[in-house]
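Starting from two chains that each stand alone, build the complex the way the hints lay out.
Note that the protein sequences, when read in sequence, are chains A and L. Using numbering that gives the first Met the number 0, the first residue of the first sequence is number 0, and each one after it goes up by one. Using numbering that gives the first Met the number 0, the first residue of the second sequence is number 0, and each one after it goes up by one.
Calculated directly from the structure, the hints in this document are not laboratory data. Don't take every hint at face value.
Label pairs and their in silico Cβ distance ranges [stated by the list, open to error]:
| # | chain 1 | residue 1 | chain 2 | residue 2 | range |
| --- | --- | --- | --- | --- | --- |
| 1 | L | ARG423 | A | MET122 | 46 to 52 Å |
| 2 | L | TRP49 | A | GLN11 | 42 to 48 Å |
| 3 | A | LEU116 | L | ASN97 | 44 to 50 Å |
| 4 | L | ASP287 | A | PRO117 | 42 to 48 Å |
| 5 | A | PRO117 | L | ARG423 | 21 to 27 Å |
| 6 | L | PRO71 | A | ASP120 | 51 to 57 Å |
| 7 | A | SER213 | L | ASP378 | 28 to 34 Å |
All residues carry an ideal CB built from backbone N, CA and C; glycine is no exception.
Residues per chain, in single letters:
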Amino acid sequence: MLIIKNLHATIQDEKQKTKSILRGINLHVKAGEVHAIMGPNGSGKSTLANILAGREDYQVTQGEILLDGQNIMELAPEARATAGLFLAFQYPVEIPGVNNMYFLKAAVNSVRKHNQLPPLDAMDFLTLIKSKMKEVGMDEKFLSRAVNEGFSGGEKKRNEILQMLMLEPKLAILDETDSGLDIDALQSVAKGVNSMRDPKRSIVVVTHYQRLLSYIVPDVVHVMVKGQIIKSGGKELALELEEKGYGWLNENVG
Amino acid sequence: MSAVLTMSTWLESAFVSGRSIMQPSWLQAFREQQFDKFLQRGLPTRKEEWWKYTNVAFLEKTSFRLPIIVKPKKIHSTLDSSISLVFINGQYSHEMSNTSLLPSDVILSPLSLAIEQHEDLVKPYLLQELDGKKHPFTYLNSAFIGEGVFLHVPENCVVPSPIHLLFLNTEQNDFITYPRNIIVAQEKAQVTIIEEHTANQAFNYFTNVVTELHAHSNAHLSYFKLQNEHHTATHIANVKVQQQQDSHVNTFFIDCGSRLAREDLTIHFHERHAECHMKGLYLLEHDDQHVDNHIFVDHAAPHCSSTMLYKGILDKKSQAVFNGKVYAHAGAKQTNAQQSNHNLLLSRTAEVNTKPELEIYEEDVKCVHGATVGQLNEDALFYLRARGVEKEEALTILTHAFIEEVMHNIADPSIRNYIQQRVRAYASL
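So here's chain L without its partners, still in its complex pose (with noise of 0.2 Å):
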């Protein structure tokens, strides 16, 4: 028997194994310094105020490997997409990946051939200091960089489809991936991606992803998140938004995988005018599934706006948790804000830590926030079952329509589609 390895030794061993001569030196560089900042740092604890309700303190005693390459017959995703990148188990996948639909001066690639054939471009959103810190599973990523996606959509482009980019894990256990993506809509240009992570015979894998966003003036981005992993895995993620004058940007997190699974947003208002509206969905059915919500919305600017509205079903002994903070600093005048996070728990043993937070330093802001705890409606169910709808399909009915508020303006058939498809098989259990 071997004896259990340290995270820093088996992390060290997988750094030095997985640096490649093929990387330009300025990104060795960088790889090197996040790598030491990591093992500066540690692993988040409890004691930290970030990261209170959620332990990861078992990663420190699980050894992870960096995944092999494996080529599956089939892809599994219910989403169907004209426009796609496919990562298999971390690795860029050309010939399930398909880009032909794609506006012809859209840059959508790999991570690892936008630097080789946009250094100048990718180099500055790639170097840029992420809130490791707060944060650390980021500098490990960056540590790792591996693979991900790089997407730049030029002024006054709409893309006019969805891009999806789909991460599966398969035919592996006990490795992990850093995935990192690069998303860059420039002036008054419009996109949807749709990041979706899923698996299929992969087990006790971790994914630890970071995405950046960022939205220049005027510039349309819906970002969706599909995390279905599987029921052993760990998914961490965060998730940055950097937005400039009147850009709009809404993002929507359906979190029904992983056996842990945090997911950090951050929204940045760095010019007036812009405005974010952040949702989110997470169904949990598994006794220890864990996830985690952290939201910030740094309300830098003056006149911007922000909603968010999380809705979480929760069954067995699983746990959420939800931190919304809106800080809007001293001159942000006329910000306006909105949280709210409702839960719905379906059995007696599952646990909801739920804290909308408001930091305020400015006196001309409107912000309102509120948090709901509550059960399914005994009366309800009676109704509909005393109206001859079976038991299970009053389920359904009564789940949806608690989602209803979520679901509301999501315009992507397909989209739309896959969320219910989610909520349906959640619902039949």
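Isolated chain A, as found in the complex (with noise of 0.2 Å):
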């Protein structure tokens, strides 16, 4: 499903410095597996998360992405969406002005329209989303609401989520999905993700804490360090992470 060779990417910081943030990322995502990305902040995990969507603020200086076969780094990142790649964003943004149903029956119908599929009507659309609303614990005034405006942490991640189920891609990449959410907010968010799994979709989830791969279990976890996955192996190795922190493995960077 997704496959990365060889990836470096670097950035311009304030100073106009370039910053080296990817230095060789490998990974092979099969259809139907969950990997979990885990690494102390600043490994370069989100800039993995956000270059693979399509983000222009990231300079790639080589390697090349490959989703479903298909290379998709001269892709914009509407054509990675439609492609069937998804980003739920660590911090989504608010765009007061623009109402949250227009704006998921636009995405949705972007989607669709790639796929040769008639655009959804209000009521079939409203239907759909309704139910699905109620799989992430969302309430349905949020649909009069401007995407994102005003909502508290847990309502922007459910919404990411919500999103996610109605687009309903070939890949899937959570980027920091736990951060700032309550226990509550946590499981149906991981219910919302677990009722995705499926054979012909991947999911890469993207964190910092063991603590969500508790309710979503990977199939397996990779630690990235200074941007290069240093170490691979199954879902223990989350806990061992856990454990004993991250210091440990940082002897084996150069």
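Quick look at the structure:
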């Protein structure tokens, strides 16, 4: 599903100095698998998630990203989305003046158009979205609000998961979706994600803590430090990290 | 090659040749007096505070002709209106106008005809001294009064649909028109007016328009001004609103055309409990495009309230000027005034000069003002795109979101539709 080959990326910092963030990432996520990418702050996890979604603030200097065999490096963010890639944002953006339902409908119908499906009419859309909102424990009143405007941290994250359920991506990347969530919100977010598990779909969970992985149990856990994946293993690796922290791994990084 | 004429030379010859023996003598005298006043006053310069950011010196070196009369095959307006008066290059077109749905006691006619048929009614409005010193183009307009609209809505009369005044400039270049509109809503009358200026195959022309609105007590008057002139045109307008007790006026200015547009709007509250809500939207897309909104709200009576909400989106090297001034006289107790101006810059080279101003001589007032200039939220753009929304569509969505506040409460669907089309055309560039 997702193959990343020797990915290098840099960013210009405030002083216009070039800083290397990703230093040769290799990753292979097969269809049906859930992978977790863990690592300390500043290791490049979120950068990787954003580069996958097509954010242009970074310069990719080397490497390849293949989604379902297709090189997506040259694709615009919207083309990646319609090709089936979904990023649940760490910090969902508030967009005053844009109605949440209007936004969700525009998104769903863009993806449908790409898949040569007719747009959903208002009634079908409403029925569908109401059932999905129930799944993530979101009040219907959020439909008539502006996108994320004045939403609490938990409501924003539920809104991300709602979008994922509506768009049914092939590859979902969850960037620190657990940050700022109380236990109730964490459970309903996890429930939403787990309902998406499917032999034809891959999920990449980017997280700092093991906590979320008790609810979304991964097949593979990767540890990312200083822009490189330095260790991969099964779900037990997450527990080991929880116990020992990241310090003991740093010795392995040059 | 002919020598460059100075403004007063070409004006003088146009003024002499434009004189008509059909006009009553009082009008001839008025026009001559106004012409002299303009020549004495001269064009405004940037040394004057009221004209600081808008340079009209180029008019000194530009020669405009009076237009010839043309008959276009079709008119171009996206507005669907049942009552309309149409002017082609400043001349009234009877064939293209439609007044059949007008209530029978309403007078709606070209100004020249109104002077002929309702001289006593029109004369006092026409001879009112306007603010030519501040806005000398008004002297010029009075001197050349060509054509325009006279609308008189009698007491208690409710005009059922908006009245569309269409000024179409077409098939000619380098000409000048001087439309003059007088709109009177008598006690408890209700009316909506749309004044639209647009062009089709006309370049480098100059519209110098003056519109006077009179809202008598308890009248409800809505005025929409749609300026969509050709992007080589000059559009200079002066709109004066006179409000009596308990009158209620809404104004909405949308400016998307012209190379240089200057919109002056003055609200005079003469009596208590009058209300005026002003909104504006400017959408600029050309390198040398310049739109200037100057608004003056004269709170001369107590218990009046005014709100002002103007928003602008600027691209390329365009420039916008906003100056909104609220003046509260001593004794204008319980004045309530709000002003805000928000700008969205789509390029690094666009420029905004914004200045909300308050001048207050009364303690018992509530006045607030604010202005912002900002850029498009790149994070919001990426967020929409990351959900599969095409970049163009995302820009359109964000542009609509920015102006949503201004669009709020526009009840008439044809006007809403018109504005949305303009915004869509703008955002999809």
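Okay, the hints, checked on the actual structure:
Our hint of 46 to 52 Å for ARG423 of chain L and MET122 of chain A is violated, since their Cβ atoms are close to 26 Å apart. At roughly 45 Å, the beta carbons of TRP49 of chain L and GLN11 of chain A sit within the given window of 42 to 48 Å. Roughly 45 Å separates the CB atoms of LEU116 of chain A and ASN97 of chain L, a value that falls within the hinted 44 to 50 Å. The supplied range of 42 to 48 Å is met by ASP287 of chain L and PRO117 of chain A, whose beta-carbon atoms lie about 45 Å from each other.
Between PRO117 of chain A and ARG423 of chain L the Cβ separation comes to about 23 Å, which falls inside the hinted range of 21 to 27 Å. Restraint check, PRO71 of chain L to ASP120 of chain A: a C-beta distance of roughly 41 Å breaks the suggested window 51 to 57 Å. Between SER213 of chain A and ASP378 of chain L the C-beta distance comes to about 31 Å, which sits within the given range of 28 to 34 Å.
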